[in-house]
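Modelling step: build the complete structure from the supplied sequences, incorporating the hints.
In order, the protein sequences belong to chains A and B. Once you know that position 101 of the first sequence is 213 in our numbering, the rest is easy, because the numbers rise by one and skip nothing. Once you know that position 48 of the second sequence is 573 in our numbering, the rest is easy, because the numbers rise by one and skip nothing.
Since the hints were derived computationally from the structure, they do not count as laboratory data. Any given hint might turn out to be false.
[Stated by the list, open to error] Computed list of lysine-lysine pairs in BS3-like fashion (alpha-carbon distance at most 30 Å, straight line):
| no. | chain 1 | residue 1 | chain 2 | residue 2 |
| --- | --- | --- | --- | --- |
| 1 | A | K241 | A | K252 |
| 2 | A | K215 | B | K676 |
| 3 | A | K252 | B | K670 |
| 4 | A | K252 | B | K676 |
| 5 | A | K194 | A | K215 |
| 6 | A | K241 | B | K582 |
| 7 | A | K194 | B | K582 |
| 8 | A | K241 | B | K580 |
| 9 | B | K670 | A | K241 |
| 10 | A | K215 | A | K190 |
| 11 | A | K246 | B | K670 |
| 12 | B | K580 | A | K190 |
Please read these numbers as outputs of a predicted model, since none were measured by experiment.
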Amino acid sequence: MSFEKIMSIGGTGLNAQLVRMNATASNLANAGVVSGSEDTAFRAQRPVFATLLAGDTVNENADVQGGVRVDRIVNDTKPIEKIYEPGNALADEEGYVFSSNVKEIEELIDMLDASRAYQNNVEVINTAKDLLSKTLDLIKI
Amino acid sequence: MVPALSLIAINYFQTVMAQTLDNYFAFNQAAMSLKTERLEVISGNIANASTPGFKAKDLDFASLLKKSFGKTTSAEFDVEMLASHSSHLGYSNLPKWMNVDSGINYTVPLSPSLDDNTVEIGVEQAKYARAVIDYQASLQFMESKISGLRKVLKGE
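Right under this line is the structure:
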């Protein structure tokens, strides 16, 4: 039945957007983290989505076909800010700490977008479910 | 005499009646399965609303329905249709590598986005809503066909 396919495509969408919201939550939680060197400073995490074409599955055991998947998670490339704070326990020998490159407003907007996209997929699944139950009602007529 | 007659009746039902029923529902069946397929394509677009480089697709309903009925001689299927919407690419404009046989066309976005994703969520939502209503319309036709058939069988 094709409706199951619609629901599973919606499901892959929900899954991907959930990963995105998780990344945003982690970014926000780590927004205030400072570090002793530029290399170890926290960088915002960004999931990159890729299309699952018809016939592709999330992994070889899944029977979900088509939809979207999280391809990889990359570090945000925005520059790390260097702050002069000699009193900080993590400061390097010159007295600098390196803050994360998370921008709270960007994260909140990303969260908003992810939650809207999530709702869209929920709506797709709900509608498919309604249509499926209406179709099954045909045998009652 | 009587068993022979009922055998004939059963035979008649199996051959003639079953075929008639098949024909009776064939159009709606084809239409409904195509409409579910369209819902599937649009749900794929919505799921990929934030996938970089994704190209939104849509189904050319008229040509597919025509194809699923094969070469029919009835006049209502003789209309030639290249694109069902002004923002769809017609078959004649499509590059060779696109699989036009599947009846799935790429939609042309109203305004292009930076990441080459051509899904416009508002447009897709509207299309999905429209496709749902189309499906429900088919469902209504099917319902009235079934209830009509029932009335005939009951002899009311």
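Check: Honestly, which of those hints from before does the structure not fit?
Finding: Numbers 2 and 7, in rising order.
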